[in-house]
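Whole structure, please, built from the sequences with the hints as guidance.
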Amino acid sequence: MKVLTANRLTNGEAVWLAGDHSWAVTLQAAEVALDEATEEKLARAGTAALLKNEVVDVALIDVELDSGALRPVRLRERIRAAGPTNRRDLGKQAELQIAVAA
Amino acid sequence: MYRYDEFDQGFVKARVTEFRDQVERRLAGEITEDQFKPLRLMNGVYLQLHAYMLRVAIPYGTLNSTQLKMLAHIARTYDKGYGHFTTRQNVQFNWPALSDIPAILDELASVEMHALQTSGNCIRNVTADHFAGAAADEIADPRPYAEILRQWSSVHPEFSYLPRKFKIAVTGAERDRAAIQTHDIGLHLKRSAAGELGFAVYVGGGQGRTPMIAKKIRDFLPEQHLLAYATAILRVYNLYGRRDNKYKARIKILVHETGTEELTGWIEKEFEALKDGELTLPDADVQAIKAYFAPPNLPSRPDGDALLREAQADDRNFGAWLRRNVTTHRNPEYAAITIALKGTGEAPGDATAEQMDAIAQIAEEYGANEIRVSHEQNLILPHVARADLKAVYDRLVEFDLHAANAGLITDIISCPGLDYCALATARSISVAQDISHRFASLERQEAVGELKLKISGCINACGHHHVGHIGILGVEKKGSELYQVTLGGSADENTSIGEIVGRGFSAEEIGPAIETIVETYISWRESPEETFLQAYRRLGAAPFKEALYGADAKAA
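Protein chains in written order, with the UniProt record's numbering: chain A, 1 to 102; chain B, 1 to 556.
No lab work stands behind these hints, which were simulated from the structure alone.
Note that the structure is predicted; figures quoted are calculated from it, not measured.
Possibly wrong hints are sitting among the right ones.
[Unchecked claim] Sample of chain A residues lacking proximity to chain B, with all beta carbon distances greater than 10 Å (derived):
{"hint": "1", "residue": "ALA14"}
{"hint": "2", "residue": "ALA24"}
{"hint": "3", "residue": "GLU36"}
{"hint": "4", "residue": "VAL56"}
{"hint": "5", "residue": "LEU60"}
{"hint": "6", "residue": "GLY68"}
{"hint": "7", "residue": "ARG71"}
{"hint": "8", "residue": "THR85"}
{"hint": "9", "residue": "LEU96"}
[Claimed, not checked] A short, non-exhaustive set of chain A residues, derived as facing chain B with CB atoms under 8 Å:
{"hint": "10", "residue": "LEU9"}
{"hint": "11", "residue": "GLU13"}
{"hint": "12", "residue": "VAL73"}
{"hint": "13", "residue": "ARG74"}
[To be verified] For each label pair, taking beta carbons as the anchor points, the in silico distance ranges come out as:
{"hint": "14", "chain 1": "A", "residue 1": "LEU65", "chain 2": "B", "residue 2": "GLU515", "range": "31 to 41 Å"}
{"hint": "15", "chain 1": "B", "residue 1": "HIS73", "chain 2": "A", "residue 2": "HIS21", "range": "37 to 47 Å"}
{"hint": "16", "chain 1": "B", "residue 1": "ALA422", "chain 2": "A", "residue 2": "LEU65", "range": "46 to 56 Å"}
{"hint": "17", "chain 1": "B", "residue 1": "LEU27", "chain 2": "A", "residue 2": "ALA94", "range": "46 to 56 Å"}
{"hint": "18", "chain 1": "A", "residue 1": "GLU64", "chain 2": "B", "residue 2": "THR17", "range": "44 to 54 Å"}
{"hint": "19", "chain 1": "A", "residue 1": "GLU64", "chain 2": "B", "residue 2": "THR258", "range": "46 to 56 Å"}
{"hint": "20", "chain 1": "B", "residue 1": "ARG537", "chain 2": "A", "residue 2": "GLU36", "range": "54 to 64 Å"}
{"hint": "21", "chain 1": "B", "residue 1": "TYR292", "chain 2": "A", "residue 2": "HIS21", "range": "50 to 60 Å"}
{"hint": "22", "chain 1": "B", "residue 1": "GLU515", "chain 2": "A", "residue 2": "ALA94", "range": "28 to 38 Å"}
{"hint": "23", "chain 1": "A", "residue 1": "ASP35", "chain 2": "B", "residue 2": "LEU239", "range": "49 to 59 Å"}
{"hint": "24", "chain 1": "B", "residue 1": "SER506", "chain 2": "A", "residue 2": "ASP35", "range": "31 to 41 Å"}
{"hint": "25", "chain 1": "B", "residue 1": "LYS13", "chain 2": "A", "residue 2": "LYS41", "range": "21 to 31 Å"}
{"hint": "26", "chain 1": "A", "residue 1": "GLU64", "chain 2": "B", "residue 2": "ALA551", "range": "36 to 46 Å"}
The beta carbon of each residue, even a glycine, is placed where N, CA and C say it ideally should be.
Set out below in structure tokens:
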């Protein structure tokens, strides 16, 4: 199970490719590849986005389902998806907290 | 402090203009990432996990209050309200947008700062003793020589494409506070028997995946030959350093593979050809640069001792801070103070914009406008009247900057690790926080005594773990963080590389393991005066292995 991730060129923000070909700011909006054909489709979309200078550092990463939510297998990608573990007030996790509080 | 001349100012401004154009062309899609990446790195811009990171140079760790206020302004305006001071005496901003970086560089240039040569295979920021110009044990201020090296190495055409990065450190005292033996070139400023100034020259130190202690290749190099000798070393390295494998490209590998004697011969031969030529430092120029670093005017303040006796009696915490964070100054009425960016549970080296502003203001009012960044990730006020120490301490308390732990176990060096860094394989800040909480009691820390604990989140060793009395290296193993412990390292004038004590520990186990190591030291030390490092050098690893691994010690 894989998703395509990258960093946005203008500000370096971690983003994931969504089903509508936009770059989502949360992992949960990512399109999931369950087979090789979808992985190849995502990889092609990543290369195209790279050439269009939308993003940099494009990579397919492994994810798994955890209580119905997507969770990267590697800690590095879990931290990218959330923010620094020593600063819960920063990164995606902070935006999610604000959204929940609202 | 050194002030930019017209050339410096014009050069830095031109580089900002050039980079602004490069960023604009990148954002417009006119140049590719492959074309742009080396250009952004030459201007200190990295891409990390969450965002771009901008590394700003702080030459030999010296700042004035205007510059520190500018760093606070940048943190507040373009970042998320804080910065991270590094083991290279630089500062890093973790969240700038690429589109904002030209504006940040413009703002930095307005206070004579830049991000040049903070990345890439060039000569990096030259570092120096953070107590330079203030320390009572100093032979001479190393910063004029660091500045001469900075001017010589800035966009040096011959040395802008070296096999790998190149780091130089300079110290001016017998007590090495600049870790010179872990640098590509280490310079120890000293006097000859005849009273002449010069340098003991060390080459080939470094950490990373292959830690090496530098070899002394010259016991005394007269100061006027500094650039000729440095050129000879760099020329030999540039010519013979390996370019086939980036992990074997540092000069330490060249020294190791060639042999110190043979390599020294090559360097000396090159030096003979350069000696007494155009690279000889004219005395007038040396004196002109030294004038920039002339000691500040420090008015007589003879009332310090009486005021301190009274203040200590009233405030035990202040007394502890005086014991730990105040260093003897060459002027007995003054002191150098360490502002530990290591409060309980904080990320080592991080400072908020408010804290930076406060320290800059204190430096203006009490510290002759000077601030230093130490390679141990603290800030230093090098010139404070002893009579003002209590007033300064009270101000530091207001901003939670009064941790009295300089040189103790919670004065931890830590790289940003996997919380920020794209190269990291494990977190290091979280381990630092755990240890900081475990040893939060100042009484306990003082009972343990001097202990330098250093943590790196990958084998590149930015957290200097190899030379920690206790070193911790985080790696990824089978998808989890694993922490390897080394003991007995040191980065002073008796530099040593720590030895791996045994199998690694999980994220949950590493804190208790450090407690076990410390308790073992306390139970084995001959007296409270025998430091951890002295005890380890006497005892070796055996009692620590036994305590950590029990009956499995031999297998570990």
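Those earlier numbered hints the structure runs against, lowest number first: When the structure is compared with the hints, numbers 1, 4, 8, 16, 17, 25 turn out to be violated.
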